[in-house]
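With chain B held as given, fit chain A onto it using these hints.
So the protein sequences, as listed, match chains B and A.
The first sequence begins at 132 in my numbering and counts up by one.
The second sequence begins at 409 in my numbering and counts up by one.
Hint data in this document are derived by calculation from the structure and do not stem from the laboratory.
One or more hints might be untrue.
What the hints assert, rightly or not - Cβ pair distances, simulated, as ranges:
| id | chain 1 | residue 1 | chain 2 | residue 2 | range |
| --- | --- | --- | --- | --- | --- |
| 1 | A | N544 | B | F221 | 49 to 55 Å |
| 2 | A | E411 | B | M132 | 27 to 33 Å |
| 3 | A | E468 | B | G215 | 31 to 37 Å |
| 4 | A | N418 | B | K249 | 46 to 52 Å |
| 5 | A | E584 | B | M132 | 36 to 42 Å |
Ideal placement from N, C-alpha and C gives every residue a C-beta, glycine not left out.
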Amino acid sequence: MSCFVTVGTTLFEDLINQVLSEKCVENLKKVGVKSIKSQIGKGNFEKSTLDRVFGELADKSDQGKANYQGINVEFYRFKPSISGDMAEAFIIIGHAGAGTCLEALALQKPFITVTNDKLMDNHQTELADKLSDDGHLLQCTPMTLADSILNENLFKLRPFKPASKNLVAEHIRELVGVQKLQ
Amino acid sequence: MLELIKNFDNEFNMRIYIIADTDTISEDKVSVLYYLLHIKRSLKAIAHEKSRNNEKFVVEKIPRSREVGQSYFSSVFSTLNSCRFAFKLIYRTRPDLVLLNGPGTCIPVAFAAAFFDIIRLIDTVIVYEESICRVNKLSLSGAILYYLGMVDSLIIQWPELKKRYPRAIYIKDFKEKST
Numbered sequence: 132m133s134c135f136v137t138v139g140t141t142l143f144e145d146l147i148n149q150v151l152s153e154k155c156v157e158n159l160k161k162v163g164v165k166s167i168k169s170q171i172g173k174g175n176f177e178k179s180t181l182d183r184v185f186g187e188l189a190d191k192s193d194q195g196k197a198n199y200q201g202i203n204v205e206f207y208r209f210k211p212s213i214s215g216d217m218a219e220a221f222i223i224i225g226h227a228g229a230g231t232c233l234e235a236l237a238l239q240k241p242f243i244t245v246t247n248d249k250l251m252d253n254h255q256t257e258l259a260d261k262l263s264d265d266g267h268l269l270q271c272t273p274m275t276l277a278d279s280i281l282n283e284n285l286f287k288l289r290p291f292k293p294a295s296k297n298l299v300a301e302h303i304r305e306l307v308g309v310q311k312l313q
Numbered sequence: 409m410l411e412l413i414k415n416f417d418n419e420f421n422m423r424i425y426i427i428a429d430t431d432t433i434s435e436d437k438v439s440v441l442y443y444l445l446h447i448k449r450s451l452k453a454i455a456h457e458k459s460r461n462n463e464k465f466v467v468e469k470i471p472r473s474r475e476v477g478q479s480y481f482s483s484v485f486s487t488l489n490s491c492r493f494a495f496k497l498i499y500r501t502r503p504d505l506v507l508l509n510g511p512g513t514c515i516p517v518a519f520a521a522a523f524f525d526i527i528r529l530i531d532t533v534i535v536y537e538e539s540i541c542r543v544n545k546l547s548l549s550g551a552i553l554y555y556l557g558m559v560d561s562l563i564i565q566w567p568e569l570k571k572r573y574p575r576a577i578y579i580k581d582f583k584e585k586s587t
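Just chain A, with the same shape it has in the complex:
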């Protein structure tokens, strides 16, 4: 995602980065450490972007909808909690563009953005970029967003997916604009 964002300048001069809450990760210690390192590097890159473009940016942490191994019953409540956070955030920030790259953390945000767009409170573009790991079928997040028609563009990274999901856009199909 950061590779993509580097291509924007201050046409998007107010940016809100949403990351999953790291306080409740239930994976093993090593995975957590690597995840935190990854976040740290990402934040450094984000800060670098800010200084490059003189833009404002904020990092928000969204509660996870579901932890690994969490019971489905309690997941209903934690998902609703994530939705509550997402709705408050979208209502407050009124974004023009929402960029998502899954996993499940992005679904409450997508729902909130789509909801406020439908009721005409905001006019936003929602774009989802599927992971390069998805070669033969979409992730659950991707599938939810695709079949509910909630995004303006759903970008896939392998041409194999085009047959199964004709409304998706293959990343290498974007053409150079002839000027």
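Chain B on its own, in the form it takes in the complex:
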């Protein structure tokens, strides 16, 4: 029962550090998480996090593994595809990027999206806001992440059903004046 954390290509140190805070790890354990895997992107852990969780690790390490509070914790920066890690996860915590949101929803995973409140122009949250309003995912900031994890709605989210492209294709065929060739 793993928790997968992803920040995509962004720099989001608040998120990656918060997930490994004592409070968040405790809450993750409460909901049944047994391991945490973090894709940390460009950011770095704070020295205090590194010391507390990973013990002896260089400051700007690109990867690491440890056992912390009875949970296996590991991290890496990037992978060509994180689909595998997302598919294996029990719950997913991610930045509010559209691709991440849609992929997590397609996999029907309990998903918490964390908004980076330090960013000036947060246009990317338009989609996350809407999906949250419609009950498809939970939304929070790094400071409220610990509470979000314990939000009972995390496991009662509504599945997201994207539109059928087949009907769009049908409409386009009509416009052009062709028929589907059998």
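Just chain A now, kept in the frame of chain B:
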């Protein structure tokens, strides 16, 4: 866009895929790498489509109209350059259907297609699908195409946009045809 195209068979048996030129991306290395990976996967999917349908396909690279942070003055010239490419491409290929999904790269192509359609050189259908990220208002590309009335169908993915853009079509409004 590829999800949509998978629904077509060889009623569209000659396909031209236009992607933004990757040689001049000015974003950071990681973003570029992911972008190239995305392109690679898309090309693989396109090739798979080709083998499924025995169709011909070509991939064309269009110069970007504007790089991130580029000055507006020089942007005029790079946009004109993109337009020149788009006009030559549309003139040469005479498409029956032009499918666009923004971002800005699609605008020169839309202009070229609309222009040649207006002067009756080609008879083409132009369809623009707005990104699912646009919930409350259209992207700049979408807005340009909507207000200039340049597309036959502008498809939106959230019903909230219907009030503001009544001529747009909400993607979930397409009905099953009763046979």
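Hint-by-hint comparison with the structure:
1. Between N544 of chain A and F221 of chain B, the C-beta spacing of about 33 Å breaks the proposed range 49 to 55 Å.
2. Distance hint check for E411 of chain A and M132 of chain B: the Cβ-Cβ separation is about 31 Å, which falls inside the suggested range of 27 to 33 Å.
3. With their beta carbons about 33 Å apart, E468 of chain A and G215 of chain B fall inside the hinted range of 31 to 37 Å.
4. A hinted range of 46 to 52 Å holds for the C-beta pair N418 of chain A and K249 of chain B, which are about 51 Å apart.
5. A hinted range of 36 to 42 Å holds for the C-beta pair E584 of chain A and M132 of chain B, which are about 40 Å apart.
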